[in-house]
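With these hints in hand, go ahead and build the complete structure from the sequences.
Residue numbers (this note's numbering): 24 to 173.
Calculated directly from the structure, the hints in this document are not laboratory data. Hints may be right or wrong, so weigh each one.
In the PhoX-like style, the derived pairs of lysine-lysine whose C-alpha atoms are separated by at most 20 angstroms in a straight line are [said to hold, decoys possible]: (1) K80 / K98; (2) K117 / K155; (3) K155 / K80; (4) K154 / K50; (5) K117 / K162; (6) K117 / K159; (7) K126 / K155; (8) K117 / K98; (9) K162 / K124; (10) K111 / K159; (11) K50 / K117; (12) K50 / K126; (13) K50 / K111; (14) K111 / K98; (15) K126 / K80; (16) K124 / K159; (17) K80 / K111; (18) K126 / K98.
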Amino acid sequence: MSFDSFLSQLKTKANELKTGALKFKNKDFLNAAMAGSALVAMADGSISSEEKQKMIKFIENNDALSIFTTSDVIKAFQDFVGQLEFDKDIGEAKAYQALGKMKSNTEASRLLVRMIIAIASSDGNFDDQEKKIAIKIAKELAIDPSEFEL
Numbered sequence: 024m025s026f027d028s029f030l031s032q033l034k035t036k037a038n039e040l041k042t043g044a045l046k047f048k049n050k051d052f053l054n055a056a057m058a059g060s061a062l063v064a065m066a067d068g069s070i071s072s073e074e075k076q077k078m079i080k081f082i083e084n085n086d087a088l089s090i091f092t093t094s095d096v097i098k099a100f101q102d103f104v105g106q107l108e109f110d111k112d113i114g115e116a117k118a119y120q121a122l123g124k125m126k127s128n129t130e131a132s133r134l135l136v137r138m139i140i141a142i143a144s145s146d147g148n149f150d151d152q153e154k155k156i157a158i159k160i161a162k163e164l165a166i167d168p169s170e171f172e173l
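What follows is the structure, encoded as structure tokens:
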């Protein structure tokens with residue numbers, strides 16, 4: 024595959040995510056997306072300040088999330104990260120509760136899993152801990168992880 028072809032595919036996927044996200048522009052979708060993002064970011068148990076900045080930059084520059092105001096996205100992400108850092112069990116419960124609100128919407132759930140995988144891969148490394156979280160999120164959303172090669 025040529026670089027131009029790869030770049031074209033990447034742009035197409037980004038546009039698909041944005042188009043899909045526009046259908047679900049609401050607080051529940053934003054919270055589910057940020058809950059999943061926080062869970063993946065915290066896959067190793069903590070997030071360094073550098074990782075937080077990288078994650079926030081990715082979120083700000085992600086086409087699918089650009090339909091929300093940057094401040095809303097950052098606040099939602101930071102709220103979930105803060106809950107996970109304060110009490111991992113309660114934070115996870117709240118994150119999965121937010122994700123669960125999308126469970127009845129299969130299309131939104133699939134989009135969320137794609138977004139979470141994209142966020143997890145944003146550093147160029149989709150490691151085993153991140154994959155385990157992505158699988159757990161997919162199952163929480165009643166989506167077969169194998170649809171995403173997980």
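Task: Proposed proximity, K98 with K80 (alpha carbon, max 20 angstroms) - done: 13 angstroms, holds
Task: Restraint status (C-alpha distance of K80 to K111 at most 20 angstroms) - done: Not satisfied, since the Cα-Cα distance of roughly 24 angstroms exceeds 20 angstroms.
Open item on the list: Does K98 sit within 20 angstroms of K117, going by the straight-line distance between their CA atoms?
Closed with: Holds, at about 15 angstroms.
Task: Pairwise hint evaluation, K126 against K50, where the allowed Cα distance is 20 angstroms at most - done: 15 angstroms, holds
Open item on the list: For a C-alpha distance cap of 20 angstroms, please report whether K111 and K98 respect it.
Closed with: With Cα atoms ~19 angstroms apart, K111 and K98 stay inside 20 angstroms; holds.
Open item on the list: For K117 and K162, compute the direct alpha-carbon distance and say whether it is at most 20 angstroms.
Closed with: Cα-Cα ~16 angstroms, so holds.
Open item on the list: K126 and K155 were given as a pair; does the straight-line alpha-carbon distance stay at or below 20 angstroms?
Closed with: Judged against 20 angstroms, a Cα distance of about 19 angstroms means the pair holds.
Task: Given hint K124 paired with K162 - CA-CA distance at most 20 angstroms - done: This hinted pair holds, its Cα atoms lying about 13 angstroms apart.
Open item on the list: Just to be careful, I want the Cα atoms of K111 and K159 compared with a cutoff of 20 angstroms; is the pair within it?
Closed with: 16 angstroms, holds
Open item on the list: Tell me if the straight-line CA distance from K154 to K50 falls inside 20 angstroms.
Closed with: 26 angstroms, violated
Task: Restraint check for K50 with K117, where alpha carbons must lie at most 20 angstroms apart - done: Answer holds: K50 to K117 is near 15 angstroms, not above 20 angstroms.
Open item on the list: So if I understand the rule, the pair passes when the alpha-carbon distance is 20 angstroms or less; does K124 with K159 pass?
Closed with: 15 angstroms, holds
Violated hints for the displayed structure, listed by number in ascending order: 3, 4, 13, 15, 17 and 18.
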